[in-house]
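Protein chains in written order, with my numbering: chain H, 1 to 131; chain G, 1 to 366.
Since the hints were made in silico from the structure, they are not lab data.
Virtual Cβ for every residue (Gly too), placed ideally from N, Cα, C.
Hints are supplied without guarantee of correctness; some may be wrong.
[Stated by the list, open to error] Label-pair restraints from in silico Cβ distances:
| id | chain 1 | residue 1 | chain 2 | residue 2 | range |
| --- | --- | --- | --- | --- | --- |
| 1 | H | 66 | G | 358 | 27 to 33 angstroms |
| 2 | H | 66 | G | 359 | 23 to 29 angstroms |
| 3 | G | 107 | H | 130 | 51 to 57 angstroms |
| 4 | G | 139 | H | 84 | 47 to 53 angstroms |
In case you want the letters, here they are:
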Amino acid sequence: MTEVPENLKYTSDHEWLRLEDDGTVTLGITEHAQQALGELVYVELPEADRELEPGEACAVVESVKAASDVYSPLAGVVAAANDALADTPELVNDSPYADGWLLQLRPADPQTLEELMDADAYTRFLAESED
Amino acid sequence: MSKTTPLYTRHQDAGAKLVDFGGWQMPLHYGSQLDEHHAVRNRAGIFDVSHMTVVDVHGADARAFLRNLLANDVAKLKAPGRGLYGCMLQESGGVIDDLIVYRTGADDYRLVVNAATRDKDLAWITARANGRELSVTERDSAVMLAVQGPEAIAMCVPLLPAELRSSVEGLRNFQCVASGGWFVARTGYTGESGLELIIDDSRVALDLWDALNVAGCKPCGLGARDTLRLEAGLCLYGQDLDEAHSPLVSGLDWTVAWEPAERHFVGRAALEEQRRQGPTEKLTGLLLEDRGIMRHGQPVSTAQGDGVVTSGSFSPTLGRSIALARVPAGAQGDCTVQIRNAARRARLVPPAFVRNGEVLVDLGDG
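Construct all of the structure, not just a fragment, from the sequences and the given hints.
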């Protein structure tokens with residue numbers, strides 16, 4: 001079984017989100033996603049202050065073989081990007097829920113986070129999509 | 001229904017990520033395709049390439065038949081035990097497939113063609129062989145292994161039948177030797193030295209696979225095979241080569257044997273016409289100067305006109321993106337590549353980036 005931390009929210013595109021104490025939301029890709037993509041060799045991140053629509057592609061993660069878009073399920077403004085990934089994109093493989101985070105955003109409406117899957121729902125979603 | 005090679009359970013046991021490739025379940029990697037790539041550049045790796053199609057052509061007319069079928073000239077193979085690389089063309093000059101042909105006996109030749117083009121290749125070959133004094137036989141149960149890297153030959157030789165060892169050690173590039181169900185050639189698709197082996201008995205092949213693993217030869221998948229061949233500047237059929245383009249515009253003019261002028265081969269008239277007019281396009285290497293990764297199909301813009309990326313990826317040896325691209329014949333210097341919504345800066349370079357462990361391209365970053 002792949003790791004699905006309890007305290008995060010999840011999307012059906014295999015992103016995870018976490019509401020921080022300061023009201024920002026951190027976004028990354030899940031353990032399942034990094035395994036499916038394989039070793040990442042390039043990550044493209046958004047500029048700070050970019051405004052994101054819900055469902056908009058906000059980052060690109062590329063393995064040797066292919067490029068994959070990462071989507072923000074929330075509307076908001078980019079507050080920060082994980083600049084360490086420029087030289088060490090493999091952090092996303094090694095530590096998808098911690099050092100391999102992609103970006104932080106200031107959500108337009110933090111309540112929309114509640115509409116996403118919790119860990120139990122995402123675990124069921126993973127199990128169903130394997131059938 | 002995908003086909004599997006005799007090594008399928010070995011791949012499963014080794015934790016391979018298996019993918020469909022040309023109708024075959026083949027290993028993409030065994031955990032890290034980057035580690036596999038570096039193993040071949042630095043030491044040795046082993047690839048199951050049993051999906052490749054092996055075709056034996058035998059008979060009194062075999063030589064004349066192949067001199068007509070291929071743009072390279074098998075008359076260069078003056079004695080058994082030698083091979084050459086070349087293209088099989090349409091009358092239009094377009095490439096049906098690229099292949100290696102070995103001479104294995106006085107009237108015996110062995111062709112190794114691509115898996116993805118098997119059906120059309122066999123149909124083309126057998127239709128043209130009809131009425132000639134020769135046989136065309138596919139060796140579809142044989143196992144084909146590629147053992148590649150600076151230490152590959154030294155690792156492999158002690159594991160071969162005793163009667164083959166000294167002759168394999170003495171092989172030069174594109175030479176081959178065959179004996180007792182073994183065929184061993186000093187060829188490959190990685191830019192490193194190494195061997196390609198075709199073994200009739202799959203149990204014998206499994207034993208060699210196991211022994212090479214014990215000796216420290218790293219199992220490698222198609223992912224590493226692709227980045228190794230791209231760094232070496234070797235074409236992949238279906239991406240860099242196709243029926244819409246001749247070898248003259250695909251960086252393979254050196255594989256066309258113009259002499260003797262009286263040899264007729266399929267596609268010759270079209271190639272001669274192209275040569276008279278001067279080729280309008282060429283296949284070049286690209287080195288990305290900006291960040292990002294170039295991919296197949298992305299538009300290229302040069303001062304001399306537009307082109308397209310035919311193969312693009314990340315080079316594990318260089319740590320940046322490289323590509324092969326088809327561009328106007330006069331193009332040189334700087335260009336841009338459209339990567340999603342941004343035009344990124346790249347530089348045209350000769351299409352060989354890394355071979356024999358050496359970086360051949362000027363990275364320009366001091």
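Hints versus structure:
no.: 1; hint: H/66 <-> G/358: 27 to 33 angstroms; result: 29 angstroms, holds
no.: 2; hint: H/66 <-> G/359: 23 to 29 angstroms; result: 25 angstroms, holds
no.: 3; hint: G/107 <-> H/130: 51 to 57 angstroms; result: 55 angstroms, holds
no.: 4; hint: G/139 <-> H/84: 47 to 53 angstroms; result: 51 angstroms, holds
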